[in-house]
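J.: All chains should be built: construct the whole structure from the sequences, respecting the hints.
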Amino acid sequence: MTGYEQELRKLFENSGLIDRPQFSGRVCVGELGKDLRVRAELFSAHVAADYDAIRLAVLNRTEGVVDKTLVRFEDVWGKRIVPGNPNFRSGVIPHLRSDYGELDWYVYHPDAADYDILRQAIGQYLSAFRERVPERSLVGSKLVYICAPLQGNVKKNIEFARQKALEVFADGDVPICPHILFSYAANPNHPEQDAKTKEMSLRLLEACQQVNVYGSVWTDEMWDEIHHASKLGIPMMTDQKTIGRTPPRRSGRKER
Numbered sequence: 001m002t003g004y005e006q007e008l009r010k011l012f013e014n015s016g017l018i019d020r021p022q023f024s025g026r027v028c029v030g031e032l033g034k035d036l037r038v039r040a041e042l043f044s045a046h047v048a049a050d051y052d053a054i055r056l057a058v059l060n061r062t063e064g065v066v067d068k069t070l071v072r073f074e075d076v077w078g079k080r081i082v083p084g085n086p087n088f089r090s091g092v093i094p095h096l097r098s099d100y101g102e103l104d105w106y107v108y109h110p111d112a113a114d115y116d117i118l119r120q121a122i123g124q125y126l127s128a129f130r131e132r133v134p135e136r137s138l139v140g141s142k143l144v145y146i147c148a149p150l151q152g153n154v155k156k157n158i159e160f161a162r163q164k165a166l167e168v169f170a171d172g173d174v175p176i177c178p179h180i181l182f183s184y185a186a187n188p189n190h191p192e193q194d195a196k197t198k199e200m201s202l203r204l205l206e207a208c209q210q211v212n213v214y215g216s217v218w219t220d221e222m223w224d225e226i227h228h229a230s231k232l233g234i235p236m237m238t239d240q241k242t243i244g245r246t247p248p249r250r251s252g253r254k255e256r
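In terms of full-length UniProt numbering, the sequence shown opens at residue 1 and continues consecutively.
In short, the hints are calculated from the structure, not lab data.
There could be a bad hint or two in this list.
The calculated lysine to any residue pairs, modelled on SDA-like cross-linking and capped at a C-alpha distance of 25 Å, are [said to hold, decoys possible]:
| no. | residue 1 | residue 2 |
| --- | --- | --- |
| 1 | K10 | I93 |
| 2 | K34 | L126 |
| 3 | K196 | F88 |
| 4 | K155 | H190 |
| 5 | K198 | R37 |
| 6 | K198 | A45 |
| 7 | K10 | P86 |
| 8 | K79 | A45 |
| 9 | K10 | S127 |
| 10 | K34 | K198 |
| 11 | K34 | D67 |
| 12 | K10 | E74 |
| 13 | K79 | G123 |
| 14 | K198 | I93 |
The calculated label-pair distances, taken between Cβ atoms and stated as ranges, are [claimed, not checked]:
| no. | residue 1 | residue 2 | range |
| --- | --- | --- | --- |
| 15 | G78 | A195 | 23 to 29 Å |
| 16 | V65 | Q193 | 35 to 41 Å |
| 17 | D35 | N153 | 41 to 47 Å |
| 18 | Q209 | V154 | 25 to 31 Å |
| 19 | Y184 | K142 | 34 to 40 Å |
Yeah, the Cβ is synthetic: ideal placement off N, Cα and C, and Gly gets one too.
T.: As structure tokens, then:
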């Protein structure tokens, strides 16, 4: 695997930004919907062999380019301070440098939080083009996704999710609860089955008109669902309050 592919996988693999991402050489290609595709690649906006942006192109399967843009690292991250390096006292704009075919970050290496910020910037752009099934005008019940913790005490957490699903049902809406749906078919302690369940759960979420978030602690899996719903513009509720279009940063605990 080349350094180019490694960086693209960090951004797009298992991120929910695009569907079914495929990696080939220096390019990542994925889907936004039935006819829309996305092509992503590292790009040198200023100096050859210094990659300081992600170039995105939204493509229609039959009609060609719909739109394209550059997501520049400078615009997303600004300058980053490099402690202990006297050559960059005022900071450095992060970029990747190719040196005889070897690709690596120059001086500053982004951390997990930096990558998360970059994904959010990419997601905000792509959300304008993502094809969704038009929401039906529901006179009565709506589909409500139950977002709740699972790992840990699995039996207790499944029962907790079931109780919340009953509350949604009692309110007259249709609860979509993956904990119950998959408890008879998948083992959350089996890595392959658990990964498949998470992917299927996101597909179920996409069909819902609302996401209800429960629990005093929000797990990584719940955060994945929260951010996926945000990208799709699906309203989210917790303690009867609406979560904004831009969810709070991952903290492991519920925002108060």
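J.: Taking the hints in turn, state whether each one holds.
T.: Do the hints match the structure? See the list:
1. K10 - I93: With Cα atoms ~19 Å apart, K10 and I93 stay inside 25 Å; holds.
2. K34 - L126: holds, 15 Å
3. K196 - F88: Not OK: K196 and F88 at ~45 Å, beyond 25 Å, violated.
4. K155 - H190: Holds, at about 15 Å.
5. K198 - R37: Since the Cα atoms of K198 and R37 sit roughly 23 Å apart, the hinted pair holds (cutoff 25 Å).
6. K198 - A45: violated, 37 Å
7. K10 - P86: violated, 30 Å
8. K79 - A45: holds, 16 Å
9. K10 - S127: OK: K10 and S127 at ~19 Å, within 25 Å.
10. K34 - K198: Given pair K34, K198 holds - Cα atoms ~22 Å apart, limit 25 Å.
11. K34 - D67: holds, 17 Å
12. K10 - E74: holds, 19 Å
13. K79 - G123: holds, 22 Å
14. K198 - I93: violated, 36 Å
15. G78 - A195: 23 to 29 Å: violated, 35 Å
16. V65 - Q193: 35 to 41 Å: holds, 40 Å
17. D35 - N153: 41 to 47 Å: At 44 Å between Cβs, range holds.
18. Q209 - V154: 25 to 31 Å: Roughly 28 Å apart at Cβ, these two residues keep to the hinted range, so it holds.
19. Y184 - K142: 34 to 40 Å: This hint is violated: roughly 25 Å between Cβ atoms.
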